[in-house]
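S.K.: If you want the building blocks of each chain, they are given just below.
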Amino acid sequence: MSSKKILIIDDEPDVAAYLSAVLEANGYKSYATSDIKTAMEQVMNLHPDLICLDIVMPDETGISFYSRLRQNNESKTTPVIIVSGIIDSEKFDFRTYVKDDSIPPPECFMEKPIDVDVYIQKVRELIGKNSSTENGDKN
Amino acid sequence: MVKIHQPRTEIKIKPDVKTYSAKTENIIFREMFQQIPYNIAVIDRDYNIVEANSNFKDYFGSWQNKKCYTVYKKINEPCKDCPTKEVFKKGDPVVADAVGIDQYGRKTHYVAHVLPIKIKRDGEVEYAMEMTRTVTETDRWQQEYQILFDRVPCYITVIGEDYRIVRANEAFRENFGDVLGHHCYKVYKRRNTKCRNCPAEKTFKDGKVHQSGQQGIGKKGQKIHYAVSTSALMRGSDSVAHVIEISNDITAMKKLEEKVIDAERLGAVGQTVAGLAHSIKNILMGLEGGKYIVSLGLNKNDKEKINQGWEMLERNFDKTTSLVKDFLSFSKGRLPELKMLNPGSLALEIVDLYKAIAAQSGIELKSEIDKNVKAAPLDPAGIHTCLTNLVSNAIDACIMGKQKGTEVLITVSEIRDKLIFEVKDNGSGIDYEIKKKIFTTFFTTKGGGGTGLGLLTTRKIVQEHGGKILISSKKGKGAKFTMEFPRKRLMALYKECKV
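For the protein sequence lines, the chains are A and B, in the order given.
First residue of the first sequence: 8, per our numbering; consecutive thereafter.
First residue of the second sequence: 2, per our numbering; consecutive thereafter.
Source of the hints: derived by calculation from the structure; they are not laboratory data.
Even for Gly, the Cβ is constructed at its ideal location relative to N, Cα and C.
A couple of the hints might just be wrong.
[Stated by the list, open to error] Non-contacting residues of chain A with respect to chain B, defined by C-beta distances greater than 10 angstroms in every case (computed): (1) K12; (2) A24; (3) R77; (4) I93; (5) F101; (6) K106.
[Claimed, not checked] Heads up, simulated PhoX-like pairs for lysine-lysine below, C-alpha to C-alpha not over 25 angstroms straight-line: (7) K58(B) to K68(B); (8) K478(B) to K367(B); (9) K292(B) to K36(A); (10) K119(B) to K44(A); (11) K461(B) to K481(B); (12) K224(B) to K36(A); (13) K187(B) to K340(B); (14) K187(B) to K220(B); (15) K86(B) to K75(B); (16) K475(B) to K44(A); (17) K68(B) to K90(B); (18) K306(B) to K292(B); (19) K44(A) to K220(B); (20) K12(A) to K301(B); (21) K282(B) to K129(A); (22) K68(B) to K81(B); (23) K36(A) to K356(B); (24) K475(B) to K255(B); (25) K90(B) to K74(B); (26) K256(B) to K224(B); (27) K220(B) to K496(B); (28) K187(B) to K44(A); (29) K36(A) to K90(B); (30) K195(B) to K224(B); (31) K129(A) to K203(B); (32) K356(B) to K367(B); (33) K260(B) to K136(A); (34) K119(B) to K67(B); (35) K12(A) to K340(B); (36) K372(B) to K292(B); (37) K478(B) to K44(A); (38) K206(B) to K190(B); (39) K405(B) to K367(B); (40) K190(B) to K469(B).
So here's chain A without its partners, still in its complex pose:
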């Protein structure tokens, strides 16, 4: 069984590099893009198992991109983790940003900087432990 694919969308290259390193160390295959304009195209080509999404980006907010993901049949059910510096994960209310009830909140919100263990646990919950996991998994 091939590795699960995870797409990271964040305009901060260092954040993307960090998340990639964490995911790769846990046996997932990671892809990163800092350009939200071409991100949808990448989602369509790659069919990732999970998407990690930032909110504050220059050309489009992560919230708006997320709404588009959910309106597209091909990405409608792809799990999404929003990782952002502007959210307080406990108080964050998705409905203040997206009024449209037909768009469900994303599977998970996470505040920057992330706790690596919590992050990986969440990824596993959402797409399962990767069959090819052999590195970095200390459990």
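Add chain B to chain A, keeping to what the hints say.
M.R.: Frame of chain A, contents of chain B only:
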């Protein structure tokens, strides 16, 4: 009573129809007397009305056995300036205008044609025929026009070819003072010469309507913003004799606009704190990431990973430093340290500093320095920071625009006692949404490349110099940032600094 002109008195009808007789003629004249759209009364030398048509009766009421002045004016003695008296005396017809009272007691303005009637060819004038036509309607229009002119909530002036005001409505006089005969530019703007881009001048030239937004000074020294439209009053068909300027006062709107901006700015304080937290969290994430990757590399003895992690650490420590530096210079509240400097050489320093960096990305950094610009009191470090920020922004915009042949131009000039620095690029431009936020938050479009404090700091320094900063840009078409420093304010600050 005013004599207007002498009307013709001879009316000839040619009785050349067979059936036409003296009797028919009589009937025709009687019909005409009754139906003609005039009020007609015949008066004898003692001012008794001896005959009148039905129009007259309908208008002034019953007349039998009454004196003309009782009927026309409801008074008990002859009028002082009676035109009919003149007709009896001289035997010539007279036209006059007068104010009387109709049968319902309403004031009425009329024009009277008074004709002498002689029964004997060489005898004296025995009767006077008064034909009156009311002009109350015209009069009312005039009044309406006057009220409109004065009360319409606009400023209206009529300007002659010599740019002197020949008429001004009440609203204008109230706000600009009594100004008839003065030059419009003196009155509107307290200038001694014609304004640049004067819309009235254009209308004088082409006779067409022109519009423009202007700022003037009222009689109490208050700023008045107005939107003016100029129309031509033609002399004949081809030359403009006067220009009417109709202006809408938009001062209140401007003030409201300023309040909205203030409110937005206050809202932005909250956003600024959130923005600062966001920047810090991203930096922390980079530091954590660097640490994680270094330890990953150490565990696996992977030198490449260690290097990657170490670079991330370095980069994010640098970011912390520049964030703190920007934040400090932003929050510093101080008077600028002014020194007499040549503004042009400040600009040239920046060109030297950035020329090579710009060239690396294929961008030409140019400068245009007006040699007539004299030394001015400026804070060298502050202006250096401003120009650095603007130029590096312009270079980034050119890189983001991804076009060929991009350039950044710094100009130093002086217009009307204002020292002006301008940084212009033909890069990616700024759209409206971003323009709104540009000075208010830790706003950056540069992803990891900016702290979002550069322009905020720039504006602060410019304001500390008593100046202002203006942006003009369209998405995709480059941007122009202008810093304006009025000399007067710079000098005032300079004196303050020295004390």
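S.K.: None of the hints should be skipped; say for each whether it holds.
M.R.: Now for the hints, and whether the structure bears them out:
Here K12(A) stays apart from chain B, with its beta-carbon at least about 21 angstroms from theirs, past the 10 angstroms limit. Not every Cβ of chain B is farther than 10 angstroms from the Cβ of A24(A); the closest lies at roughly 6 angstroms, contradicting the non-interface assignment. Look at R77(A): its CB is around 24 angstroms from the nearest CB on chain B, clear of 10 angstroms, so calling it non-interface holds up. Not every CB of chain B lies more than 10 angstroms from the CB of I93(A), the least distance being 5 angstroms, so the non-interface label is violated.
No beta-carbon of chain B comes within 10 angstroms of the beta-carbon of F101(A); the shortest separation is about 17 angstroms. With 10 angstroms as the threshold on Cβ separation, the claim that K106(A) sits away from chain B holds: the shortest Cβ distance comes to roughly 20 angstroms. Of the supplied pair hints, the one linking K58(B) and K68(B) holds, its CA atoms being roughly 14 angstroms apart against a limit of 25 angstroms. With a CA separation close to 18 angstroms, the supplied pair K478(B) and K367(B) stays within the 25 angstroms bound.
About 21 angstroms separates the Cα atoms of K292(B) and K36(A), which keeps this hinted pair within 25 angstroms; it holds. The straight-line distance between the Cα atoms of K119(B) and K44(A) is roughly 103 angstroms, outside the 25 angstroms bound, and the hint therefore fails. Proposed proximity of K461(B) and K481(B) is supported: the alpha carbons are some 18 angstroms apart, at most 25 angstroms. Of the supplied pair hints, the one linking K224(B) and K36(A) is violated, its CA atoms being roughly 65 angstroms apart against a limit of 25 angstroms.
Distance check on the hinted pair: K187(B) and K340(B) sit about 36 angstroms apart at the alpha-carbon level, beyond 25 angstroms; violated. Note on K187(B) and K220(B): the hinted pairing holds, with a Cα-Cα distance of about 11 angstroms set against a maximum of 25 angstroms. Annotation: proposed proximity of K86(B) to K75(B) holds, straight-line Cα distance about 18 angstroms (limit 25 angstroms). Pair hint K475(B) plus K44(A) holds up; C-alpha atoms about 20 angstroms apart against a cutoff of 25 angstroms.
The suggested pairing of K68(B) with K90(B) holds, with an alpha-carbon distance near 18 angstroms, which does not exceed 25 angstroms. Restraint check for K306(B) and K292(B): the C-alpha separation of about 11 angstroms stays at or below 25 angstroms, so the hint holds. Simply put, K44(A) and K220(B) have alpha-carbon atoms about 56 angstroms apart, too far for the 25 angstroms limit, and the pair is violated. Of the supplied pair hints, the one linking K12(A) and K301(B) holds, its CA atoms being roughly 23 angstroms apart against a limit of 25 angstroms.
Taken as a hint, the K282(B) and K129(A) pair is honoured in the structure, with Cα atoms around 20 angstroms apart against an allowance of 25 angstroms. With a C-alpha separation of about 15 angstroms, the suggested pair K68(B) and K81(B) falls inside the 25 angstroms cut-off, and the hint holds. Between K36(A) and K356(B) the CA atoms are separated by roughly 43 angstroms; this puts the pair beyond 25 angstroms, and the hint is violated. Between the alpha carbons of K475(B) and K255(B) the distance comes to roughly 23 angstroms, so the proposed pair stays at or under 25 angstroms and holds.
Proposed proximity of K90(B) and K74(B) is supported: the alpha carbons are some 22 angstroms apart, at most 25 angstroms. For the hint pairing K256(B) with K224(B), the CA-to-CA distance comes to about 11 angstroms; that is within 25 angstroms, so the pair holds. This hinted pair does not check out: K220(B) and K496(B) have alpha carbons roughly 30 angstroms apart, beyond 25 angstroms. With a C-alpha separation of about 56 angstroms, the suggested pairing of K187(B) with K44(A) is violated against the 25 angstroms cut-off.
The hinted pair formed by K36(A) and K90(B) fails the criterion: a straight-line CA distance of about 122 angstroms is larger than 25 angstroms. A C-alpha spacing of about 19 angstroms is found between K195(B) and K224(B), which places the hinted pair at or below 25 angstroms, so the restraint holds. For the suggested pair K129(A) and K203(B), the alpha carbons sit about 71 angstroms apart, so the restraint of at most 25 angstroms is broken. With a C-alpha separation of about 8 angstroms, the suggested pairing of K356(B) with K367(B) holds against the 25 angstroms cut-off.
Between K260(B) and K136(A), the direct Cα distance comes to roughly 56 angstroms. Violation of the 25 angstroms bound is thereby established for this hinted pair. Restraint check: the Cα-Cα separation between K119(B) and K67(B) comes to about 22 angstroms, which is no more than 25 angstroms; the hinted pair holds. With a C-alpha separation of about 61 angstroms, the suggested pairing of K12(A) with K340(B) is violated against the 25 angstroms cut-off. Restraint check for K372(B) and K292(B): not satisfied, since their Cα atoms lie roughly 54 angstroms apart, outside the 25 angstroms limit.
Under the criterion of a C-alpha separation no larger than 25 angstroms, the hint pairing K478(B) with K44(A) is consistent with the structure, at around 20 angstroms. The straight-line distance between the Cα atoms of K206(B) and K190(B) is roughly 22 angstroms, inside the 25 angstroms bound, and the hint therefore holds. Between the alpha carbons of K405(B) and K367(B) the distance comes to roughly 16 angstroms, so the proposed pair stays at or under 25 angstroms and holds. For the suggested pair K190(B) and K469(B), the alpha carbons sit about 21 angstroms apart, so the restraint of at most 25 angstroms is met.
In this structure, the earlier hints numbered 2, 4, 10, 12, 13, 19, 23, 27, 28, 29, 31, 33, 35, 36 are contradicted, and the remaining ones agree with it.
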